[in-house]
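A.B. asks: Here are the chains, one letter per residue:
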Amino acid sequence: MSEAIRFILNGEEVTRGDFGPTETLLDYLRLRRRLTGTKEGCAEGDCGACTVLVGRLTEQGLRYESVNACIRFLGSLHGTHVVTVEHLAGRDGALHPVQQALVDTHGSQCGFCTPGFVMSLYGLWLSNQAPTRADIESALQGNLCRCTGYEPIVKAAEQVSQNRPSSLFDPLERDHIQIMAKLWSIHSEADTIVVEKDGARSIVPASVAAFSDILAEEPDATIVAGATDVGLWVTKQMRLLNPVIFINHLTELQSVTSDETTITIGAGVSYAQAFDLLTDEISSLGRLIDRIGGQQVRNMGTIGGNIANGSPIGDIPPPLIALGAELTLRTHAGRRTIALEDYFLAYGKQDRLQGEFVEKVCVPRPAEGSHFAVYKISKRRDEDISALCGAFNLTLDAEGKVGKIRIAFGGMAATPKRAKHVEEALLGKEWSWETVSAARNAFDEDYTPLTDWRATAEYRSLAAKNLLTRFFLETAGAPTELRRFELEEA
Amino acid sequence: MTIMETRKHGDAADGMVGGRFSRLDGKLKTTGGATYALEQPVKNLVHAVLVQSTIAAGRVVAVDAGKAKAAPGVLSVFTPEDDLGLLVASDWFGNRPDNQPFHPLPREVSFNGQAIAAVVAETLEQATEAAKLVKVSYEETQPVTGLDDPNAGEGRLVDMLSVGWGDAEAAYAAADIRIEAEYRTPREYHVPIEPHGLTVKWEGDFLTVWEPSQWTHGMARTYAEWFNIPADNVRIVSPFIGGGFGSKAMGYTYSAVAAAAARKLGRPVKLAVTRPQTFTAYGGRAATRQTIRIGATKDGVLQAIVHRGASETSVLADFPEQTGAATPLLYAVPNLSTQHRLVPVNTVTPGALRAPGKNPSAFGLESAIEELSYAIGMDPLELRLRNYADHDYQSGKPWSTRQLREALTVGAEVFGWSKRSHEPRSMRDGRQLVGWGIGCGTFPVLKAASEALIRILGDGSVEVVSGAIDMGQGTYTILAQTAAEVLGVPAEQVDVKLGDSSLPGATVAGGSMLAGAITGAVHKAATAARDELIGLALNDSNSPFRDTGANTLVIADGRISVPRGEGPSLTLAELMSAIGRDRIETQRNTLPEGANGPEDHKRSWTTMANIEGPTAGDLSMHSWCAHFVEVKVDEDFGTVRVSRVVSAFDCGRIYNPKLAESQWRGGIIMGIGQALLEEGLIDERFGRVINNNMGDYLVPTNADIPHIQVISVGIPDHDASVLGGKGVGEVGIVGVAPAIANAVFHATGKRVRDLPITLEKLI
Ligand SMILES: Cc1cc2nc3c(=O)[nH]c(=O)nc-3n(C[C@@H](O)[C@@H](O)[C@H](O)COP(=O)(O)OP(=O)(O)OC[C@H]3O[C@@H](n4cnc5c(N)ncnc54)[C@H](O)[C@@H]3O)c2cc1C
Ligand code: FES
Ligand code: FES
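Just so you know, the sequences run in chain order Z and G. Per the working numbering, the very first residue in the first sequence carries number 80; after that it's consecutive. Per the working numbering, the very first residue in the second sequence carries number 269; after that it's consecutive.
So that you can see chain Z by itself, here it is in the shape it has in the complex (with noise of 0.2 Å):
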């Protein structure tokens, strides 16, 4: 065992033992390093001023991700290389390009934001050489500005793409090697690593069998994955954490599988490596992803912790759900598998059992000729948490009629759940305007939603069944697929 952890921050090689378990990225890097580049705005992953990369080895290579250094605990960076915008300039003070695109298209005014736009836009230039209009507003879905009107910034990436000089004078594409060695290095002292200050604990354990082991004696543990929601717990609730287990970095539970039939998707697999390989498989779902938070809550969150956080409100469990997925929780003993609808037993109440832990789920592939789609709901486009969220699995039959129909929904219940009255109310049935109308009212049995400030209960019963509708829409000829409805227009 170990008790330190080990990092770059830009050009320099850390170690530390000496944090608490919720200590965050981004006081370390202000208060602790007086690296004041990066900002906080909000502290809790909405707006992006905080923003920085972290490069971390992958199957693919050194890959960078801009994160939210806000709600990103210090124990979860061992092995990594953290970037801030300090490290950007040249040695000369020479501005990156993606610095001198925002100054030359005025992409900066107060300027607070900007360091962290900067961060997005290098962590785009980094991974994508010719970026499409689309790809640029995925990167800067995370980060807000209230000053510039976001035109100017979205001009400079497009001009920076245009404007890729030699590799050499870009601090990460000149000490790649360097890093690559480095981290490394760092990885092959494979030892579970606990780190305490003043009796609270972060435990990095070195492997899937070690973590497995340690949860198995330390039940009580919280479990960290890319922090996206247990973040919020320290800096808005102020809870006290300890111990908490980090698991980021264990590839192990990163892995998407295909065969014919399954698409397995490990817990620890983010957002946007999901993203990648869901949007050619299932092209909804991928879309889906792709408004889900901003790119950094992308790169952080996972599909494990959407699921095991059992909000009501998540967005993966839906779609999951009308696909009939199954998800593995696993033990120092063994695994076990259940359908993923049965995880949720009531509001913050799920099926998991003490040491045990979401290994990955197993989505069934959607069946050839079969018909899927999810809708989010949110009062802002990008970055909002869904009113509702809604998803549909169709399979006909030869003649027409419903054969198999799998719909389940978010935002309508204590918990993500199936509309079975609806589905029976189609099941069998011709896939006509006429069932679909007379299936409509089948919500108000399956569902009695809530109030709340996304919306009301209403708008939320209504909104459900005209999502049956468009989706009927849409698979009964209507010439294009909506994408992302409300954006569909060019």
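Just so you know, the hints here were simulated from the structure itself, not pulled from any lab data. Note that beta-carbon positions come from the ideal geometry of N, C-alpha and C, so glycine has one too. A few of these clues could be false.
To be verified - The list that follows gives simulated cross-link-like pairs (lysine-lysine, DSS-like), each with its CA atoms no further than 30 Å apart:
1. Lys276/Z to Lys261/Z
2. Lys315/Z to Lys400/G
3. Lys926/G to Lys276/Z
4. Lys335/G to Lys276/Z
5. Lys276/Z to Lys403/G
6. Lys315/Z to Lys403/G
7. Lys400/G to Lys428/Z
8. Lys315/Z to Lys335/G
To be verified - DEER-style ranges, computed between Cβ atoms:
9. His255/Z to Ile497/G: 54 to 60 Å
10. Leu584/G to Leu424/Z: 16 to 22 Å
11. Asp531/Z to Asp1022/G: 15 to 21 Å
12. Arg953/G to Leu424/Z: 45 to 51 Å
13. Thr341/Z to Asp1022/G: 47 to 53 Å
Claimed, not checked - If we take Cβ atoms under 8 Å as the criterion, some of the chain Z residues that face chain G in the derived model are:
14. Ala122
15. Cys189
16. Phe191
17. Thr227
18. Asp463
19. Ala542
With the hints as your guide, set chain G with the ligands onto chain Z.
C.D. replies: Using the frame of chain Z, we list chain G with the ligands on its own:
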């Protein structure tokens, strides 16, 4: 004095006034090198954390701070028990009660989220932990939580805000066409991306405050008065401000708490207001309601406007969000009556948020005008042009410049308005309903005096120095351009120092008045420096120009030479060296000559008492704009997407189009947020702001913003300011929300009269 000819603004990217010059502070901001208030490297710092009330009305009976005091690292807990020894400071206009004690941590609770205690500890973490241990017991009374509270009442009429001419009631009653409707706007918040907070340090009786400030001199006065020390003992330092929008122009109670704690403890204190606390640490835009009645002839000639509005304020102080501010200005109307009431409720005192008054006022009036256009079946553009005001009906004075007609016609042309079909629900794009709407806006020209210092240094570089601030609007940049133009040097050669109350005085960066005021002062000081330099060049015994016989010289591109002639041509550095000077310094202000003493300075730099309104002279001076908006509405789900905006502005001369366009766009997107997203939700039992964070108080993201085309139709207005500008910052938001509401009506046939236009209002 040399008179410079103004150049028309254009597309040149050079550093002269009117050029699209990139912002001077861009490099610092993109590298993280711009240091904001909470990042000042002050040694020996301790951290203060606020404890806010959890009831909306009542009294603090007791504060049990025992556990907090015993917590690790805690130095002190301040509660209503502690007399911090402060005095009430003057209001914005310099009025001040004598020797009245000020208790920033009061015993009487008048709103939920009011600061009632503060914990100071060695580290932020310790202070935060200890703050959770402070136990407050209250005696609660029944709060009034908002305009709709049954106990709120009708409010108190504010006589000063009643405007009228003709006989509006009678003319309305007699009109052929009459419409009447009530419009409402919710509490809205500034949400600058930089949360508020400060770092304070005492050295003896001298106080330094690093705090984001839209007005360093005004805030310095406030601190001096709180602590009863000479104004010169206070220094406010604010070189960068992470967005203000009206919220950073004064010291708030937490500022006083931090400074008092620092004095008591003998250590510098940092107090960072958390994002949730920002929703009650200072006020946003007050909720408003207004009823508008318009009478018109059948062919759309306005006969009467009767306007009755109200806004909420706190029980502590009056802050009217004037619902009638734009009503008398936009149209020609022979009979008008507006009144505004103030309704005290248990909230933090509301404050100025981008275009205070004009903004909700325009929402009402511009919605009503389009309602009228449907009532008589006339195109809303035509209706607006038909009732174009050729002069200011309120003051009876002529406009200085008013290019609103041009804004409307040019905007319409670019937008393609003529292709609109007037009938609601008549335009579609696939499954979506399409709507087009217009909203006009206005903001007054406010004039104030300011002061600036110009230094020409031995190396030929130039320094502009003033206590004015730059919160992103571009003061650094336009001052460099102003000095560069007058002094004939490239703008890159100009260094600008701002944001420090120990520098020459300047008025507040608010009401769009700073640019006009401070460019005037810089222009004057730079002209004096230029004249002095030329004088020296002509007369100094060591100057190579002495014997040229020239009676003046020109400076251009950083060189000084004889006009049109053969003869020496020197760089400024060469000249400075020849005449043996290492600096030329001129400090000038724009106060009139007879009123330029220390008292006048104090009044002008630290209060708003000397600010001149739009009709102070013989003319009526305002900025104007017209927004053309397209929305697409998915009726099945009530989702609205603003898909296109064209906005034309008359803001007079534009000093730097790159900066001004960004101000306008920023205003427009705030208007989009106001129309579709932004709304402070208040828990009706406890008067608490429920959505007090950035995840739930939704501001627009990039995806909410379409392409926004902004057009300048202004002409230089030298009555409004020395350089001819009228002010760009505030007006951009005015008229956006009604344009969107009008477009939504055109798309759906549903008139939403209460903002924001959320999903459920359209389904
Ligand atoms: C700004 C922002 C925007 C967001 N927007 C959306 C949105 O639009 N839609 C949406 O659905 N969600 C949204 N979220 C929340 C979403 O990011 C999380 O639900 C995320 O998926 C959780 O994953 P994580 O890895 O970050 O989990 P963590 O925060 O690390 O953990 C979440 C919970 O799951 C547990 N956990 C994690 N992994 C495991 C495991 N393998 N086994 C057992 N328990 C585990 C943790 O103990 C904790 O209880 C947003 C969050 C933020 C900060
Ligand atoms: S500070 Fe706002 S996202 Fe981190
Ligand atoms: S420039 Fe001010 S928030 Fe973006």
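A.B. asks: Determine for every hint whether it applies to the structure shown.
C.D. replies: Hint check:
no. : hint                              : in the structure
1   : Lys276/Z to Lys261/Z              : holds (26 Å)
2   : Lys315/Z to Lys400/G              : holds (13 Å)
3   : Lys926/G to Lys276/Z              : violated (51 Å)
4   : Lys335/G to Lys276/Z              : holds (22 Å)
5   : Lys276/Z to Lys403/G              : holds (27 Å)
6   : Lys315/Z to Lys403/G              : holds (19 Å)
7   : Lys400/G to Lys428/Z              : holds (28 Å)
8   : Lys315/Z to Lys335/G              : holds (22 Å)
9   : His255/Z to Ile497/G: 54 to 60 Å  : holds (57 Å)
10  : Leu584/G to Leu424/Z: 16 to 22 Å  : violated (49 Å)
11  : Asp531/Z to Asp1022/G: 15 to 21 Å : holds (19 Å)
12  : Arg953/G to Leu424/Z: 45 to 51 Å  : violated (31 Å)
13  : Thr341/Z to Asp1022/G: 47 to 53 Å : holds (50 Å)
14  : Ala122                            : holds (6 Å)
15  : Cys189                            : holds (3 Å)
16  : Phe191                            : holds (3 Å)
17  : Thr227                            : holds (5 Å)
18  : Asp463                            : holds (6 Å)
19  : Ala542                            : holds (5 Å)
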